[in-house]
Amino acid sequence: MLVLEREGLGRLIRELCDRHGRSRPALLPILQELQETQGWISDYAMQAVARHLDIHPVEVYSVITFYAFLNSEKKGRFVIRLCRTISCDMRDKDRVARQLEQELGVKFGQTTADGRFTLEWSNCMGMCDQGPALMVNKQIFTQISPERAHEIIESCRRIYALYPERSEDTALEAAGAVQVLAGPLALEARS
Amino acid sequence: MSSKNHPSILFRESQPDEGLKKAVGLKRVDVISMVRESGLRGRGGAGFPTGVKWNFAALAQDETKYVVCNADEGEPGTFKDRVLLTERTDLVLEGMTIAGRTIGAKEGIIYLRGEYDYLRRHLEAVIARREQANLLGDDILGTAGFSFRIHVHMGAGAYVCGEETALIESMEGHRGEPRNRPPFPVNTGYMGHPTVVNNVETFALAARVVALGAETFAKVGLASSTGTKLFSVSGDCTRPGVYELPMGLTIEELLREVGGEDAKAVQVGGASGTCVPHKAFTRRLAFDDASTGGSIIVFGPQRDMLRVARNFMEFFDEESCGQCTPCRRGNRVLLEGIEKLEQGVCTLTYLSELKALGESMQLASKCGLGQSSPNAFLSIVEHFKDEILARQTA
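As they're listed, the protein sequences go chains A and B.
With numbering that gives the first Met the number 0, letter number 54 in the first sequence gets 53, and the count goes up by one each step, no holes.
With numbering that gives the first Met the number 0, letter number 348 in the second sequence gets 347, and the count goes up by one each step, no holes.
One thing to keep in mind: the hints can contain errors.
[Stated by the list, open to error] DSBU-like mimics (lysine-lysine), calculated; alpha carbons at most 35 Å apart, straight line:
1. B/365 - B/384
2. B/365 - A/74
3. B/278 - B/365
4. A/73 - B/218
5. B/105 - A/106
6. A/137 - B/218
7. B/20 - B/278
8. B/339 - B/365
9. B/278 - A/137
10. B/105 - B/218
11. B/105 - B/263
12. A/106 - A/74
13. A/137 - A/106
14. B/263 - B/384
15. B/218 - B/354
[Stated by the list, open to error] Okay, the calculated beta carbon distance ranges per label pair:
16. B/390 - A/9: 55 to 61 Å
17. B/338 - A/39: 41 to 47 Å
18. A/20 - B/144: 23 to 29 Å
Source of the hints: derived by calculation from the structure; they are not laboratory data.
Just so it is clear, CB atoms sit at the ideal spot from N, CA and C, and this is done for glycine as well.
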C-alpha cells in the first residue's frame, strides 16, 4: 500500500474511532463504516482499529470473518448478492443466477477481472413475497427476471463510468442528490 | 394487508400514541399486569409471555437497563417486521418507550438486520421526529424523570444474531455466538445490565394492549394464544404478502385467505419450523400447535420436497455459528444425507440414523438454531418418504 494511502486510511480510522468511541461495542459500527467506504477491511486497517480499541488484531479478524457483510478480502466495486433461500428458489432464482453468470463471465463467489463486480449468494433477505431478490451493495431489488438482471448490471456499468470509487456511494446517498442505482425500490408495493 | 373477515389490531385506525399517553398515567406494576393479563406472548417465535419478561426486568436491581428491539428478521420466509417498521414505525417505537418506562430503562436499541439497511434512515427520521414531539428524550409527555432514547444498531449479515444472546454479543462488538442461559438477558443482558429483548411485533402489540386494554386484546384468538399474529406468506399462492389474522386459525383457513388451497404442504415457522402435510391442514396456527414467528411458505402440488429440504439444510449449514458440535457437524451430515437421497442411494437404515442424529441435535445443541435446524428435515422425511426414497437420478 502506498504511504499516502496508508496515512489516509489511518486518518479515517482515527476519525471513526473518535466518533464511535474506543470501546468494544463500537467495533462493529467502525468496521461497518470502513467496509462501506473502502469496500473491504485490509490487514492494515484491522491492526489500526485494534490499536485504537486496545484489543488484539485477531479479535478484529475473528469478528470480520463471522459476518457476511464484512470482508477481509477485496471485492468488486459492486457486490451482487442473489438470494438463494427457499421462496426465491421457488420463483426461479436459478435462471437469474445463470443470467448473472453469463453477463459477468464469472461464477458465484468470484470477482470479475476488472474488479467491478463480485457475484455471491445470500441467504434470505426478507423479500420472500417479491422474489427473486438481489442486493447490489446495500440496495435491494425485487422481482428480478433474467432481463432485469441484465438491466441492473448495465446501470451498474453506467454508474462505474461516472463514479469508479465505492467510497462515493455514501456521500452521494447522503446528499440525496443521486439515486445511486437506477430503479426505485418498490417499498411494500403489495401491502 | 388485513382481511375483511378479521378485524385488525395493529393496522386499525387509532389515536397516535394512545398507549404511551395512557401508560404515563399508570403505575408501572399496572402496566405489567395489563400486559400479563392480555396474554401477550413473544412474537419472534418462542412465545415467552411478555408481561413476565417485563416483570423480571422491572424487578432487577440496576441503575442501567436496556430495551432492545429485535429487528434481525432472518428466518426464511419472514418479512412482517419489515412491513411493521415501514408502516407502523411509530407504534413500534411507542411500544419500546412504554417498555422503557415500565422496566426503568433509559435507553432503547433497535438491532436492525444488515439487509434492511435501507430502512435505517427512515427509522432515524421517525426517532428524530418523536424527539421533537417530546415522545422521546427527557421528561417525555411532560412526565418528570421519564427519559428514554432510541438508536439504531446495524447487524452485519448473520442469521444466528436473531437469537437474543447472540444479538447481545453482536451489539457488544463480538462474534454473534449465543451464550449459555441462564443467566437470562432480563438479569444479565447488554453490557451485563438487565435487558428486555422483544420482537418488533411484540412491541407494537404491547402498545396496543395498553391502548385498548388487556381484555379487548385477550378476546381475540385462543385462550393460550391471544391476539392477532402477523403472517408473512410466500410460495405457491396467488396472494403472497403480510396478513394480520387472529391466533388459532387453522392452516386451511389461512390458505383460503391467501389463495393457496391446492397446496400439498405448508412450511410453518420458516427453515427452523415444521413442514405440515395436506392431511394435517386442520392444525391451528398458535403457540401450542403449529407455532410460527410469522413465516408461512406454501408448497404447491408439483413441488419437489427433497429440493425444499436441501435448501433448508444448506441454509443451516451456512448459518450455524460453529460454536457447538451437534449443530456445526450435524447440519453438514444431514445435508450429505440429502445428497444421498438425491442420488437415490440412501438406505432406510441410514435414513433412520439420520433421524436419530436430528433428534440428538434437537437435544444437544446449545441454542435455538441447532435445536430447531433438523425440524424441517425430520418432518419432510416423515411425511414425504414415498416421494424421496429410491429416486431415479436424472
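Within 35 Å, alpha carbon to alpha carbon, are residue 73 of chain A and residue 218 of chain B? violated (56 Å)
For a C-alpha distance cap of 35 Å, please report whether residue 263 of chain B and residue 384 of chain B respect it. Answer holds: residue 263 of chain B to residue 384 of chain B is near 14 Å, not above 35 Å.
Residue 390 of chain B and residue 9 of chain A, beta-carbon distance inside 55 to 61 Å? Holds: the Cβ-Cβ distance is about 58 Å, inside 55 to 61 Å.
Holds or violated: residue 20 of chain B with residue 278 of chain B, Cα cutoff 35 Å? violated (48 Å)
When you check the alpha-carbon spacing of residue 278 of chain B and residue 365 of chain B, does it fall within 35 Å? Holds, because 33 Å separates the two Cα atoms, which is no more than 35 Å.
Assess, step by step, whether the Cα of residue 278 of chain B is no farther than 35 Å from the Cα of residue 137 of chain A, and give holds or violated. Distance of about 42 Å is beyond 35 Å: violated.
Starting from residue 105 of chain B, check that the Cα of residue 218 of chain B is at most 35 Å away, please. Judged against 35 Å, a Cα distance of about 33 Å means the pair holds.
Sort out whether residue 74 of chain A lies within 35 Å of residue 106 of chain A, counting only the CA atoms. holds (14 Å)
Take a quick look at whether residue 137 of chain A and residue 218 of chain B sit within 35 Å of each other, Cα to Cα. violated (42 Å)
Given the hint that residue 105 of chain B pairs with residue 106 of chain A, test it: the Cα-Cα distance must not exceed 35 Å. violated (49 Å)
Tell me if the beta carbons of residue 20 of chain A and residue 144 of chain B are separated by a distance inside 23 to 29 Å. holds (27 Å)
Are the Cα atoms of residue 105 of chain B and residue 263 of chain B separated by 35 Å or less? The hint is violated at about 49 Å.
The structure is inconsistent with the numbered hints 4, 5, 6, 7, 9, 11, 15, 17, although it conforms to all the rest.
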